[in-house]
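**Q** Listed below, chain by chain, are the residues.
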Amino acid sequence: MALPAHGITALFGPSGAGKTSCLRAIAGLDRDGVGRVAFGDTVWQDTPRRVFVPPHRRRIGYVFQEPSLFAHLSVAGNLDYGFRRAGRPAQLDRDGLVERFGLGALLHRRAATLSGGERQRVAMARALLSDPVLLLFDEPLSALDDAARAGLLGQLESLRAALDVPMVYVSHNIDEVARLADHIVLIEGGRVAAQGSLQDTLTRLDLPPALGEAVGAVIEGEVVGCDARDQLIELAFAGGRLWLPRRREVVGQALRCRIGARDVVLALAPQEGSSALNQLRCRVVAMAGADHPSQCLVQLDAGGSRLLARITRRSWHALGLAPGVEVWAQVKAVALGA
Amino acid sequence: MALLSGQDLQALWLTLRLAATVTTLLLLLGMPLAWWLAHTPSRWRRVVAAVVALPLVLPPTVLGFYLLLLLGPQGAVGQAMQAMGLATLPFTFRGLVVASMLYSLPFVVQPLHDAFESIGPRPLEVASCLGAGPFDRFCSVALPLALPGVATATVLGFAHTVGEFGVVLMIGGNIPGQTRVLSMRIYDHVQAGEYPQAQVLSLCLLVASFAALLAMSLLRPRRHARG
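These protein sequences, in sequence, are chains Z and L.
For our numbering, count along the first sequence from 1 and bump the result up by 8.
For our numbering, count along the second sequence from 1 and bump the result up by 26.
Keep in mind that the hints were calculated from the coordinates and are not lab data.
Predicted model only: the values in this text are computed from it and were never measured.
Any given hint could turn out to be false.
[To be verified] Among chain Z residues calculated to face chain L with C-beta under 10 Å, some are:
1. 37
2. 41
3. 64
4. 69
5. 76
6. 80
7. 81
8. 89
9. 92
10. 94
11. 134
12. 138
13. 139
Where a beta carbon is used, it is the ideal one built from N, C-alpha and C, also for glycine.
Based on the provided sequences and hints, a complete structural model is requested.
**A** What follows is the structure, given as structure tokens:
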């Protein structure tokens with residue numbers, strides 16, 4: 009498996025698919041049963057050649073599912089553990105990170121007195137302060153409640169923009185992945201089912217059925233309008249415009265949204281007198297069978313953006329659909345993040 | 027009349043010196059041993075653990091007897107020591123230290139082993155990802171987290187050494203200032219019908235033992251609160 013050395017790569021798949029094992033192998037925490045691991049030009053493990061670089065020499069930032077703070081140290085002690093061992097590198101702004109993660113008031117507290125979200129924030133800042141060349145996240149948000157999760161997702165999103173360090177992010181939550189990742193590796197049953205850029209991969213027709221709900225388009229666009237009366241925002245992207253429920257978005261910001269394959273209805277002409285807000289003009293690209301014999305997946309092109317629709321085979325025939333046919337897609341889009 | 031005679035004080039001092047020496051040496055030795063037991067994937071782990079635990083069930087006189095044979099002038103270790111120009115260990119303070127270390131070994135290793143095991147692999151994995159090497163991880167993470175266990179090991183090792191009798195009888199004898207420890211002295215007093223003197227010394231041991239156990243139970247809840 010080769011992963012890009014920039015941006016966020018998501019390892020996505022059902023529980024028990026081998027995502028964590030993969031991450032532990034990269035970090036060098038599990039040595040047995042691993043063949044070869046290399047980062048850039050550096051070989052970290054090559055079992056036939058008896059090469060093994062121990063984890064503490066790999067300069068990896070690892071954020072575990074449970075925050076795993078050192079119980080005998082204060083928050084500051086935890087943060088400085090890796091920072092000191094990395095030689096307090098001057099390019100790392102410790103105070104800035106403390107502020108970014110909102111830890112200023114917690115520095116003297118013990119780990120046991122922190123909430124789950126606070127602990128995970130400390131764990132992330134601690135990993136960043138160890139001056140890593142690679143950041144590994146193992147479902148860092150799955151043990152948190154919704155509010156803490158939303159907060160940390162925002163932090164991660166801004167980190168992606170601010171940081172040059174490649175990240176590998178393990179998750180079984182498609183919304184997290186769709187919001188954060190640039191690149192995705194779909195793992196199923198211990199092997200790679202598909203990988204590539206997020207948008208292309210999630211709209212492929214040959215994905216294993218176990219990934220069912222995850223299948224669908226991820227649209228990246230810019231918020232261009234806001235309807236305060238109806239509490240909607242307007243998102244412009246390559247294939248047109250979408251209205252989405254408003255949360256805290258502001259005009260001008262970039263925003264991703266997800267359009268699940270089940271949330272797309274196809275029609276041959278734009279519908280009037282329909283409650284559907286969003287209708288996109290598309291061209292049929294290809295069709296493939298879905299997990300149930302009555303269903304099929306239709307790949308669509310909306311002005312350069314890929315969409316996926318899951319419809320019945322009966323409808324496919326009734327509408328006379330074929331590659332190249334123009335259709336109107338009524339979509340229910342879910343904005344990702346705030 | 028003084029509560030404690032000069033000889034009693036001498037025995038008391040000797041006992042404290044013995045217990046302190048034995049406990050210190052056992053902590054230094056038991057730490058790597060307990061660490062190894064807690065982390066090795068080796069098949070020998072169970073065998074070694076059983077050997078370490080042996081003094082728990084072995085009658086002290088039996089342990090003392092075998093040590094006497096082994097360390098004595100005719101024993102393998104004794105002959106080797108004589109060949110190197112060293113005095114044999116039986117009936118010396120150093121012999122008492124060696125015997126007491128074997129006798130109290132499980133009382134130090136067991137709590138250390140439990141403490142190291144209860145830390146689990148995660149804190150050490152975190153430390154290694156943060157750039158800490160093996161020895162660094164042990165000192166900066168494992169040891170501080172195992173501190174309650176170290177305290178328990180210290181108290182148990184010390185108290186157990188103070189209270190021994192059978193091993194001392196076999197390998198130490200009853201030489202004033204050399205091997206005559208508190209428990210021997212109490213035995214002497216009782217034999218001589220000096221019950222008040224035996225009473226005072228016994229009370230000392232009773233109070234000390236109680237204090238040790240109290241200290242341990244005071245340490246425990248702190249460990250859970252830290253978890």
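**Q** Are the hints correct? Go through all of them and say.
**A** Quick rundown of the hints versus the structure:
Checking residue 37 (chain Z) against chain L: minimum C-beta separation of about 5 Å stays under 10 Å; hint holds. With a least beta-carbon distance of about 14 Å to chain L, the hint placing residue 41 (chain Z) at the interface is violated under the 10 Å criterion. The interface hint given for residue 64 (chain Z) is met, as the beta carbon of that residue sits about 5 Å from the closest beta carbon of chain L, less than 10 Å. Proximity of residue 69 (chain Z) to chain L holds as hinted, the smallest CB-CB distance being about 7 Å (cut-off 10 Å).
For residue 76 (chain Z), the interface hint holds, the least distance from its beta-carbon to any beta-carbon of chain L being 5 Å, beneath 10 Å. Contact between residue 80 (chain Z) and chain L, as hinted, is supported at the beta carbon level, the nearest pair being about 4 Å apart and thus within 10 Å. Hint on residue 81 (chain Z) holds. Least Cβ distance to chain L is approximately 8 Å, under the 10 Å limit. The beta carbon of residue 89 (chain Z) is positioned within 10 Å of a beta carbon in chain L (closest approach about 5 Å), and the interface hint is therefore held.
For residue 92 (chain Z), the interface hint holds, since its Cβ comes within 10 Å of a Cβ in chain L; the closest pair sits about 9 Å apart. The beta carbon of residue 94 (chain Z) comes within 6 Å of a beta carbon in chain L, closer than 10 Å, and the hint placing it at the interface holds. Interface restraint check for residue 134 (chain Z): the shortest CB-CB distance to chain L comes to about 7 Å, inside 10 Å, so the restraint holds. Among the interface hints, the one on residue 138 (chain Z) holds; its C-beta lies about 5 Å from the nearest C-beta in chain L, closer than the 10 Å criterion.
Against a cut-off of 10 Å between C-beta atoms, the interface hint on residue 139 (chain Z) holds, since the closest Cβ of chain L lies about 8 Å away.
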